[in-house]
Each structure stands twice: as C-alpha cells, then as structure tokens.
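> If you want the building blocks of each chain, they are given just below.
2 protein chains.
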Amino acid sequence: MNIALDMMGGDFAPLEAIKGVELFFSQPYQQVNLILIGDEQKINFLLSEYKIPNENIKVVHASQVIEMHEHPTKALKEKQQSSIAIGFHLLATGKADAFISAGNTGAMMVGALFSIKTIEGIQRPTIGAYMPKENGELSLLVDVGLNSDCKPENLNQFSVLGSLFAKHILNIPEPKVALVNLGEEEGKGNLLTQAAYILLKENNQINFIGNAEGRDLLHSKADVYVCDGFTGNVILKFAESIYDIIQNRKIDDEHFNRFNFEIYGGVPILGVNKPVIIGHGISHANAFESMLTIAKKMIDEKLIDKMKNSFKAS
Amino acid sequence: MNIALDMMGGDFAPLEAIKGVELFFSQPYQQVNLILIGDEQKINFLLSEYKIPNENIKVVHASQVIEMHEHPTKALKEKQQSSIAIGFHLLATGKADAFISAGNTGAMMVGALFSIKTIEGIQRPTIGAYMPKENGELSLLVDVGLNSDCKPENLNQFSVLGSLFAKHILNIPEPKVALVNLGEEEGKGNLLTQAAYILLKENNQINFIGNAEGRDLLHSKADVYVCDGFTGNVILKFAESIYDIIQNRKIDDEHFNRFNFEIYGGVPILGVNKPVIIGHGISHANAFESMLTIAKKMIDEKLIDKMKNSFKAS
Numbered sequence: 001m002n003i004a005l006d007m008m009g010g011d012f013a014p015l016e017a018i019k020g021v022e023l024f025f026s027q028p029y030q031q032v033n034l035i036l037i038g039d040e041q042k043i044n045f046l047l048s049e050y051k052i053p054n055e056n057i058k059v060v061h062a063s064q065v066i067e068m069h070e071h072p073t074k075a076l077k078e079k080q081q082s083s084i085a086i087g088f089h090l091l092a093t094g095k096a097d098a099f100i101s102a103g104n105t106g107a108m109m110v111g112a113l114f115s116i117k118t119i120e121g122i123q124r125p126t127i128g129a130y131m132p133k134e135n136g137e138l139s140l141l142v143d144v145g146l147n148s149d150c151k152p153e154n155l156n157q158f159s160v161l162g163s164l165f166a167k168h169i170l171n172i173p174e175p176k177v178a179l180v181n182l183g184e185e186e187g188k189g190n191l192l193t194q195a196a197y198i199l200l201k202e203n204n205q206i207n208f209i210g211n212a213e214g215r216d217l218l219h220s221k222a223d224v225y226v227c228d229g230f231t232g233n234v235i236l237k238f239a240e241s242i243y244d245i246i247q248n249r250k251i252d253d254e255h256f257n258r259f260n261f262e263i264y265g266g267v268p269i270l271g272v273n274k275p276v277i278i279g280h281g282i283s284h285a286n287a288f289e290s291m292l293t294i295a296k297k298m299i300d301e302k303l304i305d306k307m308k309n310s311f312k313a314s
Numbered sequence: 315m316n317i318a319l320d321m322m323g324g325d326f327a328p329l330e331a332i333k334g335v336e337l338f339f340s341q342p343y344q345q346v347n348l349i350l351i352g353d354e355q356k357i358n359f360l361l362s363e364y365k366i367p368n369e370n371i372k373v374v375h376a377s378q379v380i381e382m383h384e385h386p387t388k389a390l391k392e393k394q395q396s397s398i399a400i401g402f403h404l405l406a407t408g409k410a411d412a413f414i415s416a417g418n419t420g421a422m423m424v425g426a427l428f429s430i431k432t433i434e435g436i437q438r439p440t441i442g443a444y445m446p447k448e449n450g451e452l453s454l455l456v457d458v459g460l461n462s463d464c465k466p467e468n469l470n471q472f473s474v475l476g477s478l479f480a481k482h483i484l485n486i487p488e489p490k491v492a493l494v495n496l497g498e499e500e501g502k503g504n505l506l507t508q509a510a511y512i513l514l515k516e517n518n519q520i521n522f523i524g525n526a527e528g529r530d531l532l533h534s535k536a537d538v539y540v541c542d543g544f545t546g547n548v549i550l551k552f553a554e555s556i557y558d559i560i561q562n563r564k565i566d567d568e569h570f571n572r573f574n575f576e577i578y579g580g581v582p583i584l585g586v587n588k589p590v591i592i593g594h595g596i597s598h599a600n601a602f603e604s605m606l607t608i609a610k611k612m613i614d615e616k617l618i619d620k621m622k623n624s625f626k627a628s
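Line by line, the protein sequences are chains A and B.
Residue numbers for the first sequence follow this note's numbering, beginning at 1 and rising by one.
Residue numbers for the second sequence follow this note's numbering, beginning at 315 and rising by one.
Hints were generated in silico from the structure; no laboratory data involved.
Please read these numbers as outputs of a predicted model, since none were measured by experiment.
Restricting the straight-line Cα-Cα distance to at most 20 Å, the calculated cross-link-like pairs of lysine to aspartate or glutamate (EDC-like) are:
| # | chain 1 | residue 1 | chain 2 | residue 2 |
| --- | --- | --- | --- | --- |
| 1 | A | Lys250 | B | Asp566 |
| 2 | A | Lys133 | B | Glu554 |
| 3 | A | Lys133 | B | Asp558 |
Simulated DEER-style distance windows between Cβ atoms:
| # | chain 1 | residue 1 | chain 2 | residue 2 | range |
| --- | --- | --- | --- | --- | --- |
| 4 | A | Asp244 | B | Lys564 | 17 to 23 Å |
| 5 | B | Phe428 | A | Asn171 | 48 to 54 Å |
| 6 | A | Asn171 | B | Gly595 | 36 to 42 Å |
All residues carry an ideal CB built from backbone N, CA and C; glycine is no exception.
Using the sequences and the hints, build the whole thing.
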C-alpha cells in the first residue's frame with residue numbers, strides 16, 4: 001500500500017506534515033509505504049532531524065508549490081512540478097493508492113475530478129465534513145461545497161456515498177440518513193428537497209429516516225445529513241465560527257472543543273476512483289496523522305470498490 | 315394607534331401575553347390602544363388579577379383558537395372566530411394598525427399574505443430573524459423560511475426591506491448588506507447568488523458590501539444578511555440549537571445567552587401593507603412586550619409608507 005502525501009500543503013508545511021508522519025509511524029501500522037512529495041532537501045533534513053526511520057518512506061521531489069489562493073485550474077496546468085500535480089500523477093499512474101494534501105482545496109478538487117475521474121454511474125462526486133454530536137460521536141454532512149447547485153439525483157447519490165463512508169470508515173453499522181430541510185414533515189422543503197425526499201425514500205441502499213432541520217444537525221438524529229453544497233458550506237463555516245467564538249470567550253467545554261474542525265484531519269472526496277483526502281489549511285500533526293489513518297482505512301476496507309459496486313447495481 | 319394582540323397564541327397563552335401587556339404599559343407609552351383578542355372571560359380575569367388599567371385596552375372575544383400544528387390555510391378558513399382570523403379581520407378593515415401573534419406561524423403568514431396583501435411592486439414578502447453579533451448588536455437575516463425557492467430579484471427586494479427595517483427599527487444609520495454565499499469573491503456561489511450579486515451591486519437603495527460566508531454571520535461584517543428562505547431557515551434553527559446545547563452544558567456566557575432567540579420577541583413580515591409580527595411559540599412576557607414595542611415603532615416610523623415609496627421609485 002502506497003500513500004502519497006503532499007508535504008508542502010497547509011499553513012505549517014512541511015514541519016507539521018513531518019510530525020504527522022512521525023505520529024503515524026509511532027502506531028503499529030504494517031505494510032504502508034509513504035510517498036512524501038515536496039522540497040526534497042527540506043524533507044530529508046526534517047526526516048533525519050526527527051529520526052524517522054526511512055525504510056517505508058520514499059521522497060519525491062517537487063520544485064513547485066501551488067499557493068493557497070492561486071486559481072486551481074490555472075495553477076494545476078502551469079505548475080506541473082508542483083506537489084499537488086505530482087501527487088495526482090502518481091495516483092493516476094497507479095504508483096500511489098491514495099493522495100493526501102492540506103494545500104489549495106480547489107486544486108485538489110480539480111485534480112481529483114480531472115486526473116482520477118468519477119466512478120461510473122456517479123453524476124457528481126461530493127465532499128463531506130464531520131459534525132460533532134453531543135454524545136461524542138460524529139456525523140457526516142454531505143455536500144459541503146463541491147456542488148453548489150444540485151439536482152435531486154445528486155443528493156440521492158451523495159446519500160449512498162456518505163452512508164458507505166459512515167459505515168466502513170466511521171464504523172456505524174447502519175448509518176441513519178436524513179435530508180437537511182426546513183421542516184420535518186414529508187412534503188416540506190424547496191423544490192430540490194421535495195423531489196430528493198421521494199428518491200431517498202425509495203432508495204433501498206440507505207437507511208433513510210426523513211427530514212432533519214437545522215436544529216437536528218448537532219444531535220444524534222442521523223449519521224449522514226444530505227444537502228446541496230451551498231447549504232452545507234454555509235452550515236460548516238457557521239459551525240466553524242462557533243469554535244472561534246468559544247475560544248474568544250475563553251469557554252473550555254469538552255463538546256464545543258470538538259467544533260475545532262481541524263482535529264478531524266481531512267475529508268475525502270467521495271465518488272472518485274481513488275482515495276483523495278483534502279486537509280484543512282491550518283492542519284497540525286494530529287490532522288496529518290488522522291488523514292493518513294483514514295486513507296489507510298479507505299484502502300483496507302476497499303471503500304472505492306464498494307462504491308463502484310453500489311453504483312453498478314443501481 | 316391601535317395594536318391588536320392575539321392573546322391565545324404561544325405555549326404560555328394567555329398568561330404571558332397579559333404579563334407582556336403589563337410590562338408594555340409600565341413604560342411611559344402614549345396614545346397606544348391595545349386590542350386584546352381571545353377568550354374574553356380569561357382575559358378580563360387576568361387583567362383584573364394583574365390590576366392592569368383598562369382605559370387603553372379593548373377586549374375582543376374569540377371563541378376559537380388555531381392550534382400550533384393545524385394546517386394554516388384550512389384552519390384559517392374553518393375557524394373564522396379564531397383569534398388569528400379576527401386579528402386579520404381587524405387589520406384588514408382598518409380597526410387595527412398592527413397585529414401581533416405568537417400562535418401558528420403558518421396561519422400568520424397565510425393570513426398576512428391573503429388578508430393584508432403585498433405592497434405594490436414587491437414580488438414576495440419576507441420574514442427575517444435577528445442574529446446576535448459578538449459586539450452586542452443585532453443583525454437581520456432575511457429570508458428565514460417564508461420563501462424556500464427564490465429568484466435573484468427576490469433577494470434584491472429582501473435586501474431593501476431588510477435595510478429599511480434595520481435603519482428605522484434597529485436604528486442603524488446606513489445598514490451594511492451582505493449576500494450569504496459560499497465564498498467571499500464576486501463570481502462565487504450557486505446560480506441564485508451569482509445572479510443576485512449583480513442586482514445587489516447595482517442597487518443604489520442599499521449599502522451592499524459583498525458576499526458573507528457562514529463564518530461571518532455572527533460577526534459585525536454586515537447588518538443585513540440576505541439569503542433564500544431555505545438557507546436562512548437552516549441557519550436560524552442551527553443557531554437556535556447552539557443555545558440549547560449551551561444550556562445543556564450549563565455554560566453561562568453573556569454572548570451565547572443572546573442565542574436565546576425568544577428574548578427578541580417576534581419578527582415582522584416585511585413587504586405586506588400593514589405591520590404584522592409573528593412571535594416564537596415559547597414567547598414569555600418580555601417577548602410580548604418587545605413585539606408590542608416593535609409594532610409601535612413600525613407605526614411611529616411609518617415603516618410601511620417608507621417601503622411603499624421605496625418600491626414606487628424603483
């Protein structure tokens with residue numbers, strides 16, 4: 001198993017990525033080879049500085065970096081020697097089985113869509129985010145911004161992708177799926193959710209429990225909350241801002257500390273043919289370790305194959 | 315000035331409404347006559363129980379009540395003697411200058427749309443909610459559920475209605491208007507917000523400052539946040555749930571206590587020809603007092619005339 005990691009992505013690159021690698025290898029993992037992409041000299045220096053054994057590590061030099069605010073498509077095209085471009089090249093050619101970066105989110109999305117391609121039968125891949133439940137567990141909110149305009153069938157597909165992720169990666173046996181809506185009763189909603197409700201209700205690949213309102217999103221009503229990417233993006237960023245306010249006000253609360261979305265590492269793009277994980281720009285060591293762990297689990301659980309089968313059957 | 319108040323609406327009716335009336339009259343208000351609609355016997359008993367002087371109060375008997383979960387259109391049609399139906403009748407016939415209820419929200423909306431009608435030039439009325447800023451001020455989020463599917467021009471009109479309310483009722487001289495969106499830059503968004511941005515930018519009746527992301531909604535970026543009713547409803551209910559969690563976790567914080575949306579009383583339906591204010595089901599005395607104060611201010615400030623002029627000019 002070969003996992004490629006962009007060492008130049010994120011606000012604290014490459015140091016925090018190196019520390020994440022150290023943490024990852026401090027666990028009793030087996031048979032994982034890491035491909036670290038970035039400034040070779042810096043990476044090798046840090047690897048020896050942190051005394052990380054190099055038998056399972058290969059460093060691939062990247063002479064360029066796509067900065068956080070560059071235009072994704074343009075940057076990917078013009079910076080072929082960037083760590084993100086090289087990562088997708090390794091993934092597309094089979095030299096890597098998964099690719100992780102906390103770099104330019106747009107470039108990661110564009111790269112995934114164009115170099116890895118969408119699983120057959122899936123109209124649009126999606127990207128989710130974790131939501132902390134008060135009982136200490138996590139739910140998954142999909143989509144959180146990859147698809148700002150959605151059709152009913154898109155939401156239906158997101159629900160299947162989200163369920164498979166919740167089941168095999170979050171270890172929730174029969175994940176409850178709810179549709180984010182402005183009322184509880186069937187028939188409520190905008191045109192999109194009214195139509196999506198009917199598809200979700202008839203979808204026997206998921207455990208659909210009905211509508212969820214904004215007030216349900218932080219509770220245990222469901223394990224997977226499905227919405228269009230516009231709504232999901234606004235919710236996610238609103239939730240992130242709660243943590244900032246909690247911090248400002250010097251409130252130290254176990255539950256609200258879990259609104260620090262950085263601790264969850266990254267979120268995978270669901271619906272593409274290989275595991276691709278996008279990290280938060282402010283990722284620290286534990287976030288990188290968490291992304292490596294999720295990538296490994298996605299490969300171990302053959303999640304992509306399960307997704308392929310799911311959409312073949314339908 | 316005659317303000318009609320539904321005494322039977324809300325979870326704690328009519329007691330909390332009576333206490334709200336008492337609070338309202340404990341302020342040095344002048345020339346306000348209240349029309350209290352509901353069970354005459356109960357209301358008169360409570361008025362004497364609370365020793366509320368009755369020179370500025372008229373009680374209008376209503377033999378029926380529209381319950382919280384009744385179907386709005388059906389209930390309004392069948393219960394002509396309900397406090398809500400009578401309230402709208404008084405408003406439509408000019409016997410009342412404003413109508414307030416903490417009862418069935420749907421019935422209030424339907425009543426407002428059908429008996430009071432929309433101001434000429436306005437495509438769709440809207441309903442807003444307050445959002446607490448960390449600096450102690452309030453902003454207005456419109457729409458929060460009256461219009462689940464919106465056209466760009468709807469958002470443009472909401473921005474004018476919201477600005478007029480923020481200016482004349484919230485006393486913000488030149489309210490900053492932001493469009494709720496999934497990115498800051500112009501050009502970001504779904505089809506609706508991309509098109510609405512252009513209209514808002516060219517609208518010289520408002521002080522448009524650009525896009526606001528989910529993370530900006532609790533900050534001082536803008537005074538009026540404009541979005542479709544689906545998005546606004548999810549945000550509002552999400553924010554309300556934060557207060558519940560704060561309470562559960564026994565966090566007592568001045569700012570988060572302001573997430574108790576009940577304290578703000580009610581929100582007006584903006585864009586109809588008379589002031590109509592809808593209260594929260596769990597309204598207590600201070601919420602009723604606050605709604606009476608807002609209704610009085612809407613009349614004092616001639617807010618409806620200002621809205622009419624605004625849409626005549628355009």
